[in-house]
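Protein chains in written order, with the numbering used here: chain A, 1 to 249; chain B, 1 to 285.
No wet-lab data here; the hints were simulated from the structure.
Using N, Cα and C, we set each Cβ at its ideal position, and we do this for glycine too.
Mixed in with the good hints, there may be bad ones.
[Unchecked claim] Taking lysine to aspartate or glutamate and the EDC-like style, the derived pairs with C-alpha atoms no more than 20 Å apart in a straight line are:
| # | chain 1 | residue 1 | chain 2 | residue 2 |
| --- | --- | --- | --- | --- |
| 1 | A | K77 | A | E147 |
| 2 | B | K86 | A | E147 |
| 3 | B | K127 | B | D149 |
| 4 | B | K128 | A | D53 |
| 5 | A | K112 | B | D73 |
| 6 | A | K112 | B | D281 |
| 7 | B | K127 | A | E103 |
| 8 | B | K224 | B | D281 |
[To be verified] What follows is a list of derived Cβ distance ranges for each label pair:
| # | chain 1 | residue 1 | chain 2 | residue 2 | range |
| --- | --- | --- | --- | --- | --- |
| 9 | A | F70 | B | S120 | 52 to 60 Å |
| 10 | B | E236 | A | I104 | 39 to 47 Å |
| 11 | B | T220 | A | F58 | 34 to 42 Å |
| 12 | B | G135 | A | I104 | 24 to 32 Å |
| 13 | B | S175 | A | F58 | 56 to 64 Å |
| 14 | A | W35 | B | R125 | 53 to 61 Å |
| 15 | A | I104 | B | S191 | 46 to 54 Å |
| 16 | A | E10 | B | K105 | 25 to 33 Å |
| 17 | B | R219 | A | F230 | 34 to 42 Å |
[Stated by the list, open to error] Quick look at which bits of chain A chain B covers, simulated, 3 or more residues with Cβ under 8 Å:
| # | segment |
| --- | --- |
| 18 | 73-79 |
| 19 | 96-109 |
| 20 | 213-227 |
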Amino acid sequence: MIMNETIKTEPTQIEKEQSIEIILSKGLKKPRSIWSLFREMHQLLGFRFIFWDTALAFVLSSVVLIAVVFPLIFAPKALSCTILFACSPLLFLIVLFFSEMIEITGSLYELKLTCKYSIRQITAYRIMCFSLLGLIFCIGMTAHQSENIYELLHLFALSLCSFFLCAFVSLFFIRCFARKARFAFAISLWFGILCLPALFFGKKWELFLSELPVAVSLGVAILCAVLFLFEIRKFVTANPKEEMTYVTR
Amino acid sequence: MLLVNHVTKNFGKFTVLSDLTLEFENGVYGLLAPNGAGKTTLIKMLTTLIFPSSGEILWNGNEIVKLGENYRDLIGYLPQEFGYYKNHSPFDFLMYLSALKGMEKKAASKRVEELLELVSLSDVRNKKMKKFSGGMIQRVGIAQAMLNDPKILILDEPTAGLDPKERVRFRNLISSLSKDRIVILSTHIVSDIETIANHVVLFKDHKLYCDDSPANVCRTLVGKVFETQDISSVKEPYLLLTERQEEGYTITRYVCEGKGQFDAKSVVPNLEDVFLYVYRDEVLE
Chain A
1 MIMNETIKTE PTQIEKEQSI EIILSKGLKK PRSIWSLFRE MHQLLGFRFI FWDTALAFVL
61 SSVVLIAVVF PLIFAPKALS CTILFACSPL LFLIVLFFSE MIEITGSLYE LKLTCKYSIR
121 QITAYRIMCF SLLGLIFCIG MTAHQSENIY ELLHLFALSL CSFFLCAFVS LFFIRCFARK
181 ARFAFAISLW FGILCLPALF FGKKWELFLS ELPVAVSLGV AILCAVLFLF EIRKFVTANP
241 KEEMTYVTR
Chain B
1 MLLVNHVTKN FGKFTVLSDL TLEFENGVYG LLAPNGAGKT TLIKMLTTLI FPSSGEILWN
61 GNEIVKLGEN YRDLIGYLPQ EFGYYKNHSP FDFLMYLSAL KGMEKKAASK RVEELLELVS
121 LSDVRNKKMK KFSGGMIQRV GIAQAMLNDP KILILDEPTA GLDPKERVRF RNLISSLSKD
181 RIVILSTHIV SDIETIANHV VLFKDHKLYC DDSPANVCRT LVGKVFETQD ISSVKEPYLL
241 LTERQEEGYT ITRYVCEGKG QFDAKSVVPN LEDVFLYVYR DEVLE
């Protein structure tokens with residue numbers, strides 16, 4: 001009788017596995033995705049606190065952008081691809097440069113690194129927002145330069161290619177270099193990657209860009225966009241090299 | 001429990017802290033050492049601003065860097081140079097920092113009001129901080145460190161630059177906040193620690209020199225501290241500690257490994273004596 005009861009109460013393999021699943025799900029916390037972190041931050045902080053103290057950066061960016069881009073818009077049509085390729089990531093880079101330079105040199109930077117939502121995570125969220133702003137800028141630039149649907153598609157692909165290429169490379173170097181000047185370095189990268197070829201090769205560069213197939217530029221854009229998102233993911237976690245800012249301060 | 005386990009910190013070839021092992025449980029820990037001894041380096045490691053070159057820092061058995069925001073949620077930190085937004089009121093400033101600390105708006109508002117009351121800044125809650133004195137700013141600093149009711153409160157030189165009245169007020173405030181939490185207080189001002197710390201941690205030559213109660217630390221010099229009106233009559237090698245004026249005489253306090261002089265009076269050593277004795281090379285240079 002006792003033997004029978006023991007056999008009856010013994011759990012089946014499925015029950016055992018289910019129990020293990022329940023225990024594990026309660027005991028282990030799955031790593032949170034960056035999107036859920038951003039959603040949580042947005043709900044708690046809102047745009048007001050995420051972009052707290054960035055007004056000066058936006059004012060400075062607007063001034064620089066007007067000074068640089070406005071004359072280029074009225075540049076000759078023969079250079080449209082070169083100009084679009086060079087200017088597409090400019091808004092993103094300038095806003096990022098000013099907002100983060102002001103942040104890093106601010107007296108609250110160290111304290112903000114020790115908060116639950118550290119300034120690293122907030123910067124990653126801001127970069128996402130700046131990239132959306134940069135994409136809108138790309139659309140505006142493309143629409144201004146194109147005269148028909150094919151040209152629109154070709155220039156938009158070129159603009160996206162330039163934007164994500166520069167955004168990815170900049171973020172990679174910003175993450176890898178610990179110095180305060182890393183955001184200024186991103187600007188020099190933009191000049192090196194997107195402007196120097198135009199200066200060196202002149203019309204050949206324009207020809208190359210105008211004949212670049214849409215599939216190629218879109219392919220590069222998608223690849224760089226994916227790498228850019230990976231870089232943002234890495235940006236959230238602490239960078240051991242960044243501690244050098246403490247010593248060099 | 002917070003455990004610093006065999007931690008060494010190098011900056012290039014320079015070793016700031018060597019093989020440091022410390023355990024922190026609830027209470028006030030005073031890190032006492034001259035400038036440049038590695039106090040701030042330890043504090044920056046405890047706040048995950050910098051990382052040990054070797055060894056590990058554990059909170060309840062888990063490495064603090066791996067705990068990430070779960071660890072940051074446990075700490076309250078007042079840096080040595082506390083930055084603030086001059087054009088904001090303490091209320092707005094604390095609401096901003098409470099959001100960064102993951103607090104919901106309603107709970108944060110209540111907490112900010114409580115803390116402003118605690119640090120006696122309720123009257124000026126909506127005034128711009130640019131008009132505040134150094135003491136008032138430090139009180140805003142301690143309020144922001146307490147926002148998330150931290151299990152670990154880390155204060156780096158919190159009384160530096162404060163006048164004596166503000167310093168006493170600040171010490172009382174820290175003392176009242178030290179229940180049920182670890183308070184780590186870094187300072188080179190002995191009186192800050194003497195009154196409120198349960199543990200004194202001394203560093204020497206980039207290593208841990210001692211970690212004990214103030215009474216036990218003082219006991220190391222029992223029978224060795226003397227006072228005399230005539231220091232010139234002291235024959236044995238001695239270390240001058242302090243001098244003070246009393247009824248027209250200059251009373252000299254000194255440490256002597258021997259018996260002192262016949263007219264010298266043996267006195268009870270205090271923490272300042274120990275500090276001056278331990279750091280005689282650095283302090284008396």
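Earlier hints that do not hold, by number: 2, 3, 6, 7, 10, 11, 13, 14, 15, 16, 17, 18, 20
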